[in-house]
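Student: Sequence:
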Amino acid sequence: MVQSAGRAVLRVARAVHWYVTSLMGDNAYATYLAHQRRTHPDTQPLTERQFWRQRMDDQDRNPGARCC
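Mapping of the sequence shown onto full-length UniProt numbering: position 52 corresponds to residue 52, and the numbering continues sequentially without gaps.
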């Protein structure tokens, strides 16, 4: 009983972690790399630094629903 409750808590904690990192965009570079490998395997992906610079520049040019 205690072990199954512990597993349930761990499962919920992992789900919350996944949700928060997805919501905040923390996993955006990993998602980008997976997309690049899947759809453009013959091209060189951006470095992580280049990716984030481009992402921030795009957000500055097109703020959309952002508050600031």
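Because the hints were derived from the structure by calculation, they are not lab data.
Glycine included, every Cβ here is placed at the ideal spot set by N, Cα and C.
One thing to keep in mind: the hints can contain errors.
[To be verified] Pair by pair, the computed Cβ-Cβ distance ranges are: (1) Val2 to Arg55: 25 to 33 Å; (2) Met24 to Gln50: 18 to 26 Å; (3) Val9 to Met56: 31 to 39 Å; (4) His17 to Arg49: 35 to 43 Å; (5) Val9 to Arg61: 39 to 47 Å; (6) Arg14 to Ala34: 38 to 46 Å.
Student: Now tell me if each hint is right for this structure.
Tutor: These are the hints, each one checked on the structure:
| no. | hint | result |
| --- | --- | --- |
| 1 | Val2 to Arg55: 25 to 33 Å | 44 Å, violated |
| 2 | Met24 to Gln50: 18 to 26 Å | 20 Å, holds |
| 3 | Val9 to Met56: 31 to 39 Å | 36 Å, holds |
| 4 | His17 to Arg49: 35 to 43 Å | 25 Å, violated |
| 5 | Val9 to Arg61: 39 to 47 Å | 43 Å, holds |
| 6 | Arg14 to Ala34: 38 to 46 Å | 19 Å, violated |
Checked against the numbered hints above, the structure breaks hints 1, 4, 6 and satisfies the rest.
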